[in-house]
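For the sequence shown, my numbering begins at 568 and goes up steadily by one.
Possibly wrong hints are sitting among the right ones.
To be verified - For lysine-lysine, the following PhoX-like pairs were computed, each having C-alpha atoms within a straight-line distance of at most 20 Å:
1) 1067 / 1036
2) 774 / 636
3) 736 / 1224
4) 1067 / 994
5) 899 / 875
6) 1036 / 1094
7) 1067 / 1094
8) 636 / 1226
9) 994 / 1011
10) 1090 / 1036
11) 1224 / 636
12) 636 / 1011
13) 636 / 732
14) 1216 / 1183
15) 1197 / 1159
16) 1011 / 1036
17) 933 / 890
18) 875 / 933
19) 1081 / 1067
20) 875 / 762
21) 1216 / 1226
22) 1203 / 1188
23) 1036 / 983
24) 1036 / 994
25) 1183 / 1197
26) 933 / 899
I should point out that these hints are in silico values taken from the structure, not numbers from a laboratory. All values derive from a computational prediction rather than experimental measurement.
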Amino acid sequence: MLDKFIIQRLLLFTILACNFFSHVALTEEIQDDVIDTIFVKGIEQSLNKAGELKSIISKTELLSSQQLKDKQASSLTDALQAAIGVRVSNECSICGAKRIMINGLKGEHTNVLVNNIPIHTMLSGFYGLDAMAVTGVGTIEIARGAGASLISPEAIGGTINLVSKVPNKNQMEIDSSTGEHGYSKTSLMLTGVNKNGNSQGSLVFQKDTRDQFDGDDNGISESPFLDNQSFTFTGFHNFNYFTNLMVRLNHTDSEVFGGPVLGDITNSIRSALGSFNEGDSEQLFVDDDINGRFVGNPWESAEWVSTKRNEVMTNLLHNFNSKLNTSISFAKVSHVQDSFYEGIDYYADDIMHYLDVRFQFEISGKHFLTFGADSRRERMRSKSNALIDNPNYMSDSFDYDVSGFYIKDSWTPNDKFDAEFALRLDKIQADFIDSKETLKEIEKTLLSPRVDMRYSHNNDLQSRLSFGKGYRAPLSFFESDHGILDAEKGYLIEVTELEKSVGVNYSLSYTTEKLISTFSLSKTKVKNLATLSQTNEGIPVLTQLANTAQVMAIDWTLNYQWTELFNIGIITEIYDYNTVFEESFSIAPIEKRAALSGLWDNERWRINSSASWVEKRDLSKYGYAGFDLKDRSSIKPDTAPGYLNIDMKIVYQLSDKIKLYFGALNLLDYNQASDESSPLLFNEYGGYDVTYIYAPMRGRTAYLGFDLEL
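With the hints as constraints, model all of the structure from the sequences given.
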């Protein structure tokens, strides 16, 4: 059930927000420079000082709201597809589960924040990210490396921070588009500022859908049906010169269905799930060939996931004087998942509470101190009626508690050198409540240091060096390998240690009026990495590796303003894993990638295009093995060929208020099922699986739309 606390407050704030917008609609529209003056002179100025310093010293990539529009991004995963140092991994060809990987680390090593407040729960790491709307987002900040965020030491890979737009005028914006394969996206954003300029608010509604995609026309989709709806209210209020309040409320509904193609193999999602009563079929595919037509009962390949998510967060900023201020943040997140995986049901209710109290104090002109304490409390309860009577079944329900204290000194000894020295002390408790263990599986106290340094060689050339330690508690089977949910043998959990990481990052940046270029190098080691194993009886076990996993990431980016109208960008990336890390992946990661982008803008026309190349890979390094035929006479390829992906969007400014646009994602229509090999397979025991993935799962999506501002 949805959390009543959150629903009541969501309705309350919706009513207040509607009243607020009806009021501001009657006021005069306030000029941008007036609102800007209020913010520059208000509390934001001193409180943002540390944030600005952080953005200078630590390496943080930024994606603007305009870049999100250029990418035609509906969700967070769309927005990050081509971001440097980031990979969006498709973990399943049926349900389309997505993971965001930073610096070559796994998806579970990435944490997501909104307005610098952690809102990432265990469950949201799979289906929440594909439903996370970006309408109303002003900037996405990507910080790479262990301990990249002072308040998120669990982010071994790094953090993604979505920063909400702060409205500066009364406005309504409608963006609507439609395209191939059932693609549609509609967003409505209302923003308002009161007459005095001390209250700003926005209401955002977004709905986006995509139909299933079946590239090899065998009746089984390689990319699922997706239907997302989200509602967000964000409000800002300056009580006076010294105090500011931010409130954000979000409700998201998401439905995912993959497997039997709707309108072909089955008439509806309901009928597909209902076919479970028909029992097992004699065979799944014609001639027991996964390239042949699917002839099994729809439920035998069906995966359905319904997600309902509610977020409440607030932040209070207060200046005591010109040198001391405080920030108090609170968040409550409820994430409920109801799902069906090829005959196995899975229901989970995940609730997280987060509280952070911090102080910022300017000791002198050279030292700026940040210190505080935070608490995270997460309760996840799951069940599976299909497995409840299996003696080898153990639910992945858990209690997770972290209480921490942190301190950071921002030091500026001279004009050439800056540094930040941060230290966290955390008490961590993780308890799998259905385990036979009487004690908590994980109960640790841990120190996590991080150092960020910046040195200016001259006005154009800067070096940044970061070192950090991080940790993560492996919390569930679902998080580590969701495919385990269709294993009728049950599953077991044997986790006793935290994953611990050490990471080093170096970057060299060159910046002139027309050219920006950055070279980066990072190396991360992870101990006690969670992995999937099995007992002698074939029962899956969530366990941990004895050896240390390691990855080195090297990347280079260049952005050049060729002419006043034309801009060009280049990205190259290399990831080098040791054998331990390679063997832990269920889906082969990208090892080498290069991208070229161009933007031409003359104010009337805006043309944006990008091309990315992914180098071929040896799949055998990642444990890939399977067959197209059930009798094991047709071995699937052990090499993933290189491939090219091109995206393009063209925008025409019809008037001051209306823009028309059209474009295409994956313009060349390259996809694995059509051009290479099916992601489906039979294993050595004749079992059917869906994770032989190494290329895009969805073909071209051409679209057209309009953007209206009133």
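A quick look at each hint next to the structure:
no.	hint	result
1	1067 / 1036	7 Å, holds
2	774 / 636	16 Å, holds
3	736 / 1224	15 Å, holds
4	1067 / 994	14 Å, holds
5	899 / 875	14 Å, holds
6	1036 / 1094	11 Å, holds
7	1067 / 1094	5 Å, holds
8	636 / 1226	12 Å, holds
9	994 / 1011	6 Å, holds
10	1090 / 1036	12 Å, holds
11	1224 / 636	16 Å, holds
12	636 / 1011	44 Å, violated
13	636 / 732	14 Å, holds
14	1216 / 1183	27 Å, violated
15	1197 / 1159	33 Å, violated
16	1011 / 1036	15 Å, holds
17	933 / 890	13 Å, holds
18	875 / 933	47 Å, violated
19	1081 / 1067	41 Å, violated
20	875 / 762	36 Å, violated
21	1216 / 1226	12 Å, holds
22	1203 / 1188	14 Å, holds
23	1036 / 983	26 Å, violated
24	1036 / 994	15 Å, holds
25	1183 / 1197	27 Å, violated
26	933 / 899	37 Å, violated
Checked against the numbered hints listed earlier, the structure breaks hints 12, 14, 15, 18, 19, 20, 23, 25 and 26; every other hint is satisfied.
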